[in-house]
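All chains, full assembly: derive it from the sequences and hints.
Here the protein sequences line up with chains A and B, keeping their order.
For the first sequence, the working numbering begins at 328 and goes up steadily by one.
For the second sequence, the working numbering begins at 328 and goes up steadily by one.
Hints may contain errors.
Same chains, same names: a pair is fine if it fits in one copy or spans any two.
[Said to hold, decoys possible] Okay, derived cross-link-like pairs now, DSS-like style, lysine-lysine, Cα gap no bigger than 25 angstroms in a straight line:
#	residue 1	residue 2
1	Lys538	Lys392
2	Lys392	Lys655
3	Lys676	Lys421
4	Lys496	Lys392
5	Lys450	Lys438
6	Lys484	Lys508
7	Lys496	Lys549
8	Lys680	Lys539
9	Lys356	Lys376
10	Lys334	Lys448
11	Lys484	Lys391
12	Lys365	Lys376
13	Lys391	Lys496
14	Lys448	Lys376
15	Lys402	Lys611
16	Lys508	Lys493
Hints in this document: simulated from the structure, not taken from any laboratory.
If you're wondering where the values come from, they're calculated on a predicted model, not measured in any experiment.
Here are the chains, one letter per residue:
Number of protein chains: 2
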Amino acid sequence: MNINKLKQILRQKNIQLALLFNINNDYDKNMYYFSEYKGLGCLVVPGKKQAFLIVPEMEYERAKKTSKIKIYKWKKGKRLFETLNEILKKNKIKPEIIGISYENFTLSANKSLKKHIKKIKTKDISNDFLELRKIKTRNEINIMKKSCRIADNILKKCLNSFHKFKTEKDVEIFLHSETIKQGCELAFPTIVASGSSGSMAHYEPGNINLKKGFCVIDFGVKYQGYHSDITRTIYIGAPSKEEKETYNLLLNVQENIIKNIRVNKKCMSSYEETLSLLGKYSDKFTHGLGHGIGLQIHELPNLTAKSENIFKNNMIFTVEPGVYFENKYGIRIEDDILIKDKKIEILTKTKKKLIVIKR
Amino acid sequence: MNINKLKQILRQKNIQLALLFNINNDYDKNMYYFSEYKGLGCLVVPGKKQAFLIVPEMEYERAKKTSKIKIYKWKKGKRLFETLNEILKKNKIKPEIIGISYENFTLSANKSLKKHIKKIKTKDISNDFLELRKIKTRNEINIMKKSCRIADNILKKCLNSFHKFKTEKDVEIFLHSETIKQGCELAFPTIVASGSSGSMAHYEPGNINLKKGFCVIDFGVKYQGYHSDITRTIYIGAPSKEEKETYNLLLNVQENIIKNIRVNKKCMSSYEETLSLLGKYSDKFTHGLGHGIGLQIHELPNLTAKSENIFKNNMIFTVEPGVYFENKYGIRIEDDILIKDKKIEILTKTKKKLIVIKR
Numbered sequence: 328m329n330i331n332k333l334k335q336i337l338r339q340k341n342i343q344l345a346l347l348f349n350i351n352n353d354y355d356k357n358m359y360y361f362s363e364y365k366g367l368g369c370l371v372v373p374g375k376k377q378a379f380l381i382v383p384e385m386e387y388e389r390a391k392k393t394s395k396i397k398i399y400k401w402k403k404g405k406r407l408f409e410t411l412n413e414i415l416k417k418n419k420i421k422p423e424i425i426g427i428s429y430e431n432f433t434l435s436a437n438k439s440l441k442k443h444i445k446k447i448k449t450k451d452i453s454n455d456f457l458e459l460r461k462i463k464t465r466n467e468i469n470i471m472k473k474s475c476r477i478a479d480n481i482l483k484k485c486l487n488s489f490h491k492f493k494t495e496k497d498v499e500i501f502l503h504s505e506t507i508k509q510g511c512e513l514a515f516p517t518i519v520a521s522g523s524s525g526s527m528a529h530y531e532p533g534n535i536n537l538k539k540g541f542c543v544i545d546f547g548v549k550y551q552g553y554h555s556d557i558t559r560t561i562y563i564g565a566p567s568k569e570e571k572e573t574y575n576l577l578l579n580v581q582e583n584i585i586k587n588i589r590v591n592k593k594c595m596s597s598y599e600e601t602l603s604l605l606g607k608y609s610d611k612f613t614h615g616l617g618h619g620i621g622l623q624i625h626e627l628p629n630l631t632a633k634s635e636n637i638f639k640n641n642m643i644f645t646v647e648p649g650v651y652f653e654n655k656y657g658i659r660i661e662d663d664i665l666i667k668d669k670k671i672e673i674l675t676k677t678k679k680k681l682i683v684i685k686r
Numbered sequence: 328m329n330i331n332k333l334k335q336i337l338r339q340k341n342i343q344l345a346l347l348f349n350i351n352n353d354y355d356k357n358m359y360y361f362s363e364y365k366g367l368g369c370l371v372v373p374g375k376k377q378a379f380l381i382v383p384e385m386e387y388e389r390a391k392k393t394s395k396i397k398i399y400k401w402k403k404g405k406r407l408f409e410t411l412n413e414i415l416k417k418n419k420i421k422p423e424i425i426g427i428s429y430e431n432f433t434l435s436a437n438k439s440l441k442k443h444i445k446k447i448k449t450k451d452i453s454n455d456f457l458e459l460r461k462i463k464t465r466n467e468i469n470i471m472k473k474s475c476r477i478a479d480n481i482l483k484k485c486l487n488s489f490h491k492f493k494t495e496k497d498v499e500i501f502l503h504s505e506t507i508k509q510g511c512e513l514a515f516p517t518i519v520a521s522g523s524s525g526s527m528a529h530y531e532p533g534n535i536n537l538k539k540g541f542c543v544i545d546f547g548v549k550y551q552g553y554h555s556d557i558t559r560t561i562y563i564g565a566p567s568k569e570e571k572e573t574y575n576l577l578l579n580v581q582e583n584i585i586k587n588i589r590v591n592k593k594c595m596s597s598y599e600e601t602l603s604l605l606g607k608y609s610d611k612f613t614h615g616l617g618h619g620i621g622l623q624i625h626e627l628p629n630l631t632a633k634s635e636n637i638f639k640n641n642m643i644f645t646v647e648p649g650v651y652f653e654n655k656y657g658i659r660i661e662d663d664i665l666i667k668d669k670k671i672e673i674l675t676k677t678k679k680k681l682i683v684i685k686r
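Below you can see the structure in the form of structure tokens.
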């Protein structure tokens with residue numbers, strides 16, 4: 328995807344080729360983005376020639392099935408960058424500057440690169456990758472929609488079965504098991520924070536009985552590499568009038584913020600509007616309003632106080648205002664939003680009216 | 328654990344301090360090994376002074392609970408290595424050479440380190456970390472035993488319920504769900520390879536009906552960060568006499584190899600013995616005999632043809648011979664082995680007599 332846009336950037340920056348590299352257990356998201364290949368090896372994108380992958384012999388069949396990019400075999404007994412050097416020579420590509428993501432490239436890899444490919448300089452292009460991935464392709468949008476639908480269905484099933492759960496851990500295990508059954512992975516460690524635990528935005532579910540009061544459930548799945556991220560806050564027991572009012576205020580804020588998102592508006596403005604709409608509760612809102620989602624759970628755009636991002640068509644991001652009352656409770660409501668043809672589409676569809684579980 | 332041994336190595340190598348660093352989603356295993364802290368931040372081990380952690384303010388409480396090491400707060404608005412520099416100055420530590428793991432340190436981190444701490448050189452000490460982690464502490468051995476016990480229990484339950492499963496994926500989902508219920512994670516993607524799929528050593532379970540014939544199940548859990556790794560091969564349908572003989576031959580080889588392991592013996596020798604004991608099937612054995620396990624699924628020692636490792640007390644490793652008949656079937660039997668007081672202890676205890684599932 329977008330490999331021609333990357334080539335254009337390379338030519339503009341006078342970088343002869345981009346090198347993306349995967350040697351860890353966890354696959355390189357940028358390499359997957361451009362090649363749809365997840366295994367060991369590297370992806371080479373010359374500014375002026377055809378891109379190619381180098382993969383170990385035992386991965387060759389799998390790579391051919393998943394990627395449309397030209398593939399070379401990484402020969403046994405050779406170092407990866409030794410093979411790369413041979414291929415570059417054969418194709419008469421003589422790079423002076425190689426663009427890599429400094430965020431993902433280790434000192435070991437760098438040492439090996441400099442050893443096998445002489446007289447090159449490297450340049451950090453991690454930001455260019457993030458900027459490209461900020462705008463989703465049609466295919467990415469379809470996968471993200473499916474990821475959100477799966478998360479919605481699992482969450483719905485969880486809320487319908489909620490009376491069965493005794494502990495926070497029970498809820499977490501249910502969500503995780505259902506995720507696996509759908510052939511997905513968790514997008515991030517699930518948050519199930521009942522009662523006073525809800526006042527910590529990043530609480531880990533404990534092996535403790537669900538407390539009465541608000542219960543924050545923050546959950547998402549990873550489907551075909553793409554993350555969904557949804558939060559609903561329910562109530563266990565009988566909410567007081569004040570609690571109901573606080574919930575409805577937050578829900579109102581969340582819905583209005585979403586409604587007011589426009590193409591070419593500053594992301595920062597939505598954050599500021601949230602503070603203003605929360606009024607007397609604005610100091611209880613202690614984190615960012617949202618973040619882009621895609622191959623990573625946190626991508627661009629940032630919906631924060633200092634964000635320089637601007638809303639554009641084909642962006643997908645979360646809107647998740649919350650209020651946290653120390654040692655009392657927390658409420659957060661989060662949806663995944665797509666801007667498409669200048670219109671707002673809410674991809675997560677689980678109902679937001681306060682659900683009350685009688686205990 | 329072993330932090331004094333690390334200090335000793337640093338002094339011997341004239342390295343003033345070791346820097347371990349965690350900024351990724353996946354935690355740094357070495358940092359966890361020495362500090363039992365998994366969150367963001369860094370661990371600093373000076374050769375001649377007390378070690379300390381630097382963690383973000385929001386992680387301070389969690390770090391204090393999990394680690395016995397002195398903790399400094401990473402102040403908001405400052406870069407991590409800026410804070411490190413201030414602490415080093417305050418404690419009058421003037422490093423000239425800093426030891427880091429080149430395998431885990433990114434170019435971004437290196438750039439930031441060199442910017443904030445002037446006039447230092449870095450040296451790769453990734454091998455020293457691996458060498459230290461090769462010999463397990465008493466505490467690690469206890470955790471590993473528990474990890475193996477959990478894997479055993481789940482696998483037993485799976486084998487007892489095997490008649491219920493229709494597809495390879497069903498088996499995988501069962502093992503994964505049970506792992507979650509035990510509060511653990513999978514140690515690695517489970518392999519369920521039935522019939523001819525078993526001839527690929529790294530097969531991914533498919534959404535296809537379990538085929539008749541041998542079925543390789545390679546599974547393990549991660550418990551408190553420590554991996555277990557067990558493989559059993561069962562038979563679906565009715566095995567022929569020849570198939571039974573091949574299974575029993577492999578089982579015999581595996582048991583004999585384990586029996587013959589001795590302290591101070593070369594790991595390479597066990598690999599060679601395997602080839603010799605397999606006789607006419609030796610060319611069907613296409614991978615290493617085993618690998619160390621611990622905080623990572625593949626650690627030292629290596630039980631391979633070219634290994635330079637030697638069996639020592641308090642090592643834990645797998646012994647997993649296999650035979651693979653292309654397009655027909657595969658058989659692998661794998662246990663986790665501990666050497667303790669010069670004696671061999673098999674930590675994985677699931678029975679190895681061929682289980683036949685009638686279909």
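Against the structure, the hints:
1. Taking the closest pair of Cα atoms, Lys538 and Lys392 come within 25 angstroms of each other only across two copies (23 angstroms); inside a single copy the shortest separation is 50 angstroms, beyond that limit.
2. In this homomeric assembly, Lys392 and Lys655 come within 25 angstroms of each other (Cα to Cα) only across copies, at 23 angstroms, whereas the closest approach inside a single copy is 53 angstroms.
3. Within a single copy, Lys676 and Lys421 get their C-alpha atoms no closer than 52 angstroms, and across copies no closer than 57 angstroms, so neither meets the 25 angstroms cut-off.
4. When the C-alpha separation of Lys496 and Lys392 is checked against a cutoff of 25 angstroms, the pair qualifies only between copies, where the shortest distance is 21 angstroms, while the shortest distance within a copy is 39 angstroms.
5. Taking identical chains as interchangeable, the C-alpha atoms of Lys450 and Lys438 lie at most 25 angstroms apart whether they share a chain (15 angstroms) or sit on different chains (12 angstroms).
6. Taking CA atoms no more than 25 angstroms apart as the test, Lys484 paired with Lys508 passes in both settings, with 13 angstroms inside one copy and 18 angstroms between copies.
7. Proximity of Lys496 and Lys549 under a CA criterion of 25 angstroms is satisfied in both settings, with 20 angstroms inside one chain copy and 18 angstroms between copies.
8. When the C-alpha separation of Lys680 and Lys539 is checked against a cutoff of 25 angstroms, the pair qualifies only within one copy, where the shortest distance is 18 angstroms, while the shortest distance between copies is 51 angstroms.
9. Taking identical chains as interchangeable, the C-alpha atoms of Lys356 and Lys376 lie at most 25 angstroms apart only when both belong to the same chain, with a minimum of 22 angstroms there against 40 angstroms between chains.
10. With identical chains, the CA atoms of Lys334 and Lys448 are at most 25 angstroms apart within one copy only, with a shortest distance of 18 angstroms there and 35 angstroms across copies.
11. Taking the shortest alpha-carbon separations for Lys484 and Lys391, neither the intra-copy value of 38 angstroms nor the inter-copy value of 38 angstroms comes in at or below 25 angstroms.
12. Taking the closest pair of Cα atoms, Lys365 and Lys376 come within 25 angstroms of each other only inside a single copy of the chain (23 angstroms); across copies the shortest separation is 43 angstroms, beyond that limit.
13. When the C-alpha separation of Lys391 and Lys496 is checked against a cutoff of 25 angstroms, the pair qualifies only between copies, where the shortest distance is 23 angstroms, while the shortest distance within a copy is 42 angstroms.
14. Proximity of Lys448 to Lys376 under the C-alpha cut-off of 25 angstroms is restricted to the intra-copy arrangement: shortest distance 19 angstroms within a copy versus 38 angstroms between copies.
15. Within a single copy, Lys402 and Lys611 get their C-alpha atoms only as close as 58 angstroms, which misses the 25 angstroms cut-off; across copies the closest is 22 angstroms, which meets it.
16. Proximity of Lys508 and Lys493 under a CA criterion of 25 angstroms is satisfied in both settings, with 22 angstroms inside one chain copy and 14 angstroms between copies.
In summary, the structure is inconsistent with hints 3, 11 from the numbered list given earlier, while agreeing with the others.
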